[in-house]
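Can you make the complete structure from the sequences, with help from the hints?
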Amino acid sequence: MSRFIVYEMRDNLLLILTSLIFTTALSTQGPKFKCELNYKHSTEGVYTVYDITNGIMHVASFVGDPTFMIYRTNKSDSLKIHCNESKQITNVAISSYELLYGFVIRNLIEFKVQGSGVNFNRQKFDNNTVNLFNTTSLSNLKYNITSLGKNCDETGKITVSLQQKNISSNYTQMNILFNFQAYSSEGRLMNQPRYAYRGNNSVIGIVIKDYQYHLTNTSNPASRLALELDFIRNDKSQLFYSSVSNIDDEYTPAVFLQNTLSLRQGGYYYWKPIAYVAQDRTVETSMMATYLNGTYTNSTVKLNTTGFYHYLQGNINASLERAFMLFGTDGDSTLNADYVYFRMELGLGTPPTDSISLPLIIAIGVGFGLPVLGLLLGVVGMCFFMAYKCCFRKSTRNARYVMIN
Numbered sequence: 001m002s003r004f005i006v007y008e009m010r011d012n013l014l015l016i017l018t019s020l021i022f023t024t025a026l027s028t029q030g031p032k033f034k035c036e037l038n039y040k041h042s043t044e045g046v047y048t049v050y051d052i053t054n055g056i057m058h059v060a061s062f063v064g065d066p067t068f069m070i071y072r073t074n075k076s077d078s079l080k081i082h083c084n085e086s087k088q089i090t091n092v093a094i095s096s097y098e099l100l101y102g103f104v105i106r107n108l109i110e111f112k113v114q115g116s117g118v119n120f121n122r123q124k125f126d127n128n129t130v131n132l133f134n135t136t137s138l139s140n141l142k143y144n145i146t147s148l149g150k151n152c153d154e155t156g157k158i159t160v161s162l163q164q165k166n167i168s169s170n171y172t173q174m175n176i177l178f179n180f181q182a183y184s185s186e187g188r189l190m191n192q193p194r195y196a197y198r199g200n201n202s203v204i205g206i207v208i209k210d211y212q213y214h215l216t217n218t219s220n221p222a223s224r225l226a227l228e229l230d231f232i233r234n235d236k237s238q239l240f241y242s243s244v245s246n247i248d249d250e251y252t253p254a255v256f257l258q259n260t261l262s263l264r265q266g267g268y269y270y271w272k273p274i275a276y277v278a279q280d281r282t283v284e285t286s287m288m289a290t291y292l293n294g295t296y297t298n299s300t301v302k303l304n305t306t307g308f309y310h311y312l313q314g315n316i317n318a319s320l321e322r323a324f325m326l327f328g329t330d331g332d333s334t335l336n337a338d339y340v341y342f343r344m345e346l347g348l349g350t351p352p353t354d355s356i357s358l359p360l361i362i363a364i365g366v367g368f369g370l371p372v373l374g375l376l377l378g379v380v381g382m383c384f385f386m387a388y389k390c391c392f393r394k395s396t397r398n399a400r401y402v403m404i405n
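Going by my numbering, the letters in the sequence shown line up with residues 1 to 405, in that order.
FYI, nobody ran anything at the bench for these hints, they're computed from the structure. In this text, all values refer to a predicted model and were calculated from it rather than measured experimentally. Accuracy of the hints is not assured; some may be wrong.
Label-pair ranges, simulated between beta-carbon atoms [said to hold, decoys possible]:
#: 1; residue 1: Gln265; residue 2: Pro371; range: 47 to 55 Å
#: 2; residue 1: Lys142; residue 2: Phe256; range: 36 to 44 Å
#: 3; residue 1: Arg264; residue 2: Val380; range: 53 to 61 Å
#: 4; residue 1: Glu98; residue 2: Thr329; range: 35 to 43 Å
#: 5; residue 1: Val379; residue 2: Asn191; range: 46 to 54 Å
#: 6; residue 1: Ser262; residue 2: Met386; range: 55 to 63 Å
#: 7; residue 1: Thr282; residue 2: Met382; range: 44 to 52 Å
#: 8; residue 1: Lys209; residue 2: Ser139; range: 14 to 22 Å
#: 9; residue 1: Phe256; residue 2: Asp210; range: 29 to 37 Å
#: 10; residue 1: Val380; residue 2: Ser237; range: 54 to 62 Å
#: 11; residue 1: Ser243; residue 2: Gly266; range: 16 to 24 Å
Here are the simulated DSS-like pairs of lysine-lysine, each with C-alpha atoms no more than 27 Å apart in a straight line [as the list claims (entries may be wrong)]:
#: 12; residue 1: Lys165; residue 2: Lys209
#: 13; residue 1: Lys112; residue 2: Lys165
#: 14; residue 1: Lys209; residue 2: Lys142
#: 15; residue 1: Lys165; residue 2: Lys142
#: 16; residue 1: Lys209; residue 2: Lys112
Yeah, the Cβ is synthetic: ideal placement off N, Cα and C, and Gly gets one too.
Structure follows, in structure tokens:
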């Protein structure tokens, strides 16, 4: 009887351990994502990642102006998109959304500053400030997929890279590439700038290649490039801009700022003020990326050249804030580069923060610790010396005098 009880206890213990291991394995898989890719056409379209657990939908649209969005919906909602034979969206069914926001990339601008000492933080980006030579519209381009990754069962990661080759507009030629990534797990990108990713954000990379510059010649300084952006959301309040200093340089060397545009309802746009002029992204191949706020409109906006318009069937009560992202600084040796890379992040909740790295803590400890330690040792040594000197004088003073015959 006792042996039977022991065997039964052993079997129950094994069953409990097995269930615990299985439960732990399930709990570490993270939230389940539903990936829906490339509706109705293989070379252009709409890409979505739907977080079933949290009701968050990440959307990248390349129908019309390149558009990147986040919806927060009910968990039971789903997105259905129908296209016609002309590869255009004809109907979008989404039952409801609590929050919708994103940004549209309108134009690529080549410009040169008129005069010297122009502070873009105080002056508007217009013809009175700069010489706008060429504006290239990014609407109605035909993008080709260069890579398409899908791994929803494990990490929920989806990666879509699309490229438009040989863009020709107003004597301008270039190639442009967009990279859209969304995840259900947490981690950090491997290449610079090493943004942190979570299940509530998507990362967008923009590459401009082989741009034909026109404002630069032997007698004039180099021209610069800028992106014209529209930040759009159904939240009627204005965006809150913040630039937070960061002393950590482990993930993005030589960059000590994190810029954020925040929504009152909890969404955010996030970027670091840096761009790169080569695929080998290092400090030597980096240049500044300057955010310049434009105009704000609190009204109903019909965005008939974007995915917003198609998704919401023609109308959206939105706040629109036009802005510019300027690359490089005047006199920078990295201007007129054949390759420009910039990365942004679109997310829900609070943006990620870079914690202080261990090498930096050690460097700070050595830099400040050794002098402080030396000072403390000097003070302690001085105290011992003064105490010894005081005691020596006291003992000498109290010594009995003996006459020598």
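Structure-based check of all given hints:
no.	hint	verdict
1	Gln265 - Pro371: 47 to 55 Å	holds (48 Å)
2	Lys142 - Phe256: 36 to 44 Å	holds (40 Å)
3	Arg264 - Val380: 53 to 61 Å	holds (55 Å)
4	Glu98 - Thr329: 35 to 43 Å	holds (41 Å)
5	Val379 - Asn191: 46 to 54 Å	holds (48 Å)
6	Ser262 - Met386: 55 to 63 Å	holds (58 Å)
7	Thr282 - Met382: 44 to 52 Å	holds (48 Å)
8	Lys209 - Ser139: 14 to 22 Å	holds (19 Å)
9	Phe256 - Asp210: 29 to 37 Å	holds (32 Å)
10	Val380 - Ser237: 54 to 62 Å	holds (58 Å)
11	Ser243 - Gly266: 16 to 24 Å	holds (20 Å)
12	Lys165 - Lys209	holds (9 Å)
13	Lys112 - Lys165	holds (25 Å)
14	Lys209 - Lys142	holds (16 Å)
15	Lys165 - Lys142	holds (9 Å)
16	Lys209 - Lys112	holds (19 Å)
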